[in-house]
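J.: Mind docking chain C on chain Z? Use the hints.
Here are the chains, one letter per residue:
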Amino acid sequence: MALTDLANPTRFLALVARALPWLMAVTALALTAALWLAMSAPADYQQGGTVRIMYLHVPAAWLSLFCYAVMAVASIGTLVWRHPLADVSAKAAAPIGAAFTFICLATGSLWGRPMWGTWWIWDARLTSELVLLLMYLGLMALWRSVDDPGRAGRAAAVLTLVGTINLPIIKFSVDWWNTLHQPASVFRLGGPTIHPSILTPLMVAAIAFTLLFLTMHLAAMRNEILRRRVRAMQMVAAQREMPAGAEPVPGE
Amino acid sequence: MFGSDPHAGFIVASYAVTAVTLVALAVWIVVDHRTQKARLAELEARGISRRSARGGSASS
Numbered sequence: 001m002a003l004t005d006l007a008n009p010t011r012f013l014a015l016v017a018r019a020l021p022w023l024m025a026v027t028a029l030a031l032t033a034a035l036w037l038a039m040s041a042p043a044d045y046q047q048g049g050t051v052r053i054m055y056l057h058v059p060a061a062w063l064s065l066f067c068y069a070v071m072a073v074a075s076i077g078t079l080v081w082r083h084p085l086a087d088v089s090a091k092a093a094a095p096i097g098a099a100f101t102f103i104c105l106a107t108g109s110l111w112g113r114p115m116w117g118t119w120w121i122w123d124a125r126l127t128s129e130l131v132l133l134l135m136y137l138g139l140m141a142l143w144r145s146v147d148d149p150g151r152a153g154r155a156a157a158v159l160t161l162v163g164t165i166n167l168p169i170i171k172f173s174v175d176w177w178n179t180l181h182q183p184a185s186v187f188r189l190g191g192p193t194i195h196p197s198i199l200t201p202l203m204v205a206a207i208a209f210t211l212l213f214l215t216m217h218l219a220a221m222r223n224e225i226l227r228r229r230v231r232a233m234q235m236v237a238a239q240r241e242m243p244a245g246a247e248p249v250p251g252e
Numbered sequence: 001m002f003g004s005d006p007h008a009g010f011i012v013a014s015y016a017v018t019a020v021t022l023v024a025l026a027v028w029i030v031v032d033h034r035t036q037k038a039r040l041a042e043l044e045a046r047g048i049s050r051r052s053a054r055g056g057s058a059s060s
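Going down the list, the sequences are from chains Z and C. If you're matching positions, the first sequence starts at 1 in the numbering used here and goes up one per residue. If you're matching positions, the second sequence starts at 1 in the numbering used here and goes up one per residue.
Next up, chain Z with everything else stripped away, as it sits in the complex:
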């Protein structure tokens, strides 16, 4: 199957039907392995057992950014190439990105209270991550507020691309401003500063969360395609039931 064949929603649905069971099985295995490694990993010499919160917080933070990057690429597809699945992909990714961002903020708060002595502080990293959550929620509201999926998709694509300015701010906020949050300790020029006994469970958890995102994204895309088919059929039904001689309302 050529990559361009995936532009056809019917072929895409057939591919999802074949891939989803396998993806779900691999995701379940990866999540089980990640949980086992997280529970059996040694306690940190300074943070003690709270280091186990890192195995949720850090992958959720990475996924919150990755998901928005996926939406940004899809938005380019919507605006430039008008790819039929681009808007479907962006819309389906938004609730998943919001969930990962919420997990990042909630676990960060639960980690911050015992380590920093506060649940929350208005510093650059935490505030920019909260802005990301508000961006996700705003985009979801925008998609729901416009009836025509095409118009909603184009407006959301523009807003998504404007919001990408927040991604480098989140990433480099710990370098640009003074903050309680620690600087990057995995993806940095000098290599990771984390001991392998803690780094391995972290990377397995990151792979498991990424697989979970892919699984849920494909399933949510399938739902969105079906929702648009239902809408198209409802419009056909409405026209069929319209009295003879009646004109449809402009814009509907």
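Read the hints as simulated data drawn from the structure, not as lab findings. Please read all numbers here as calculations on a predicted model, not as lab measurements. Think of the CB as a built atom: it goes at the ideal place given N, C-alpha and C, for glycine as much as any other residue. Certain hints may be false.
Here are the in silico distance ranges between beta carbons for each label pair [said to hold, decoys possible]:
| hint | chain 1 | residue 1 | chain 2 | residue 2 | range |
| --- | --- | --- | --- | --- | --- |
| 1 | Z | P243 | C | A19 | 23 to 29 angstroms |
| 2 | Z | V16 | C | A8 | 38 to 44 angstroms |
| 3 | C | E42 | Z | A25 | 30 to 36 angstroms |
| 4 | Z | A155 | C | A26 | 34 to 40 angstroms |
| 5 | Z | W177 | C | E42 | 35 to 41 angstroms |
| 6 | C | A38 | Z | T193 | 26 to 32 angstroms |
| 7 | Z | R240 | C | H33 | 25 to 31 angstroms |
To list a few chain Z residues with every Cβ distance to chain C over 10 angstroms, as calculated [said to hold, decoys possible]:
| hint | residue |
| --- | --- |
| 8 | L161 |
| 9 | I194 |
| 10 | M242 |
T.: Chain C only, in chain Z's frame:
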């Protein structure tokens, strides 16, 4: 496991919040899929088909 850890409550709460959020998301996706499938079946039962399906080409 970490019952003796002085911060066990924070650790358990973190895993609980994550599990509840992800399970809620998964349940919403499954329920949404069943809802859309049911609506499609109901419309097809009324003899309604998409224009593109009637025309023979496959699209959304």
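J.: Does the claim that I194(Z) lies outside the interface with chain C hold up, using a Cβ gap greater than 10 angstroms?
T.: At roughly 18 angstroms from the nearest Cβ of chain C, I194(Z) sits farther out than 10 angstroms, so the non-interface label holds.
J.: Please check whether A38(C) and T193(Z) have a Cβ separation lying inside 26 to 32 angstroms.
T.: The hint (26 to 32 angstroms, Cβ to Cβ) is violated, given that A38(C) and T193(Z) are roughly 52 angstroms apart.
J.: M242(Z) clear of chain C by more than 10 angstroms, beta carbon to beta carbon?
T.: 14 angstroms, holds
J.: Look at the Cβ atoms of A155(Z) and A26(C) and judge whether their distance stays inside 34 to 40 angstroms.
T.: 29 angstroms, violated
J.: Go ahead and decide if the range 25 to 31 angstroms is satisfied by the Cβ distance of R240(Z) to H33(C).
T.: Because 27 angstroms falls inside the window, the suggested range holds.
J.: Indicate whether the distance between the beta carbons of P243(Z) and A19(C) respects the range 23 to 29 angstroms.
T.: The hinted range 23 to 29 angstroms is violated for P243(Z) and A19(C), with Cβ atoms some 53 angstroms apart.
J.: I want to verify a distance hint. Is the separation of the beta carbons of W177(Z) and E42(C) within 35 to 41 angstroms?
T.: 55 angstroms, violated
J.: The hint says 30 to 36 angstroms between E42(C) and A25(Z); measuring C-beta to C-beta, is that right?
T.: 32 angstroms, holds
J.: Between V16(Z) and A8(C), does the C-beta distance stay in 38 to 44 angstroms?
T.: 41 angstroms, holds
J.: Non-interface claim for L161(Z): all C-beta distances to chain C beyond 10 angstroms?
T.: Per Cβ check, L161(Z) is outside 10 angstroms of chain C; nearest 23 angstroms; holds.
Checked against the numbered hints listed earlier, the structure breaks hints 1, 4, 5 and 6; every other hint is satisfied.
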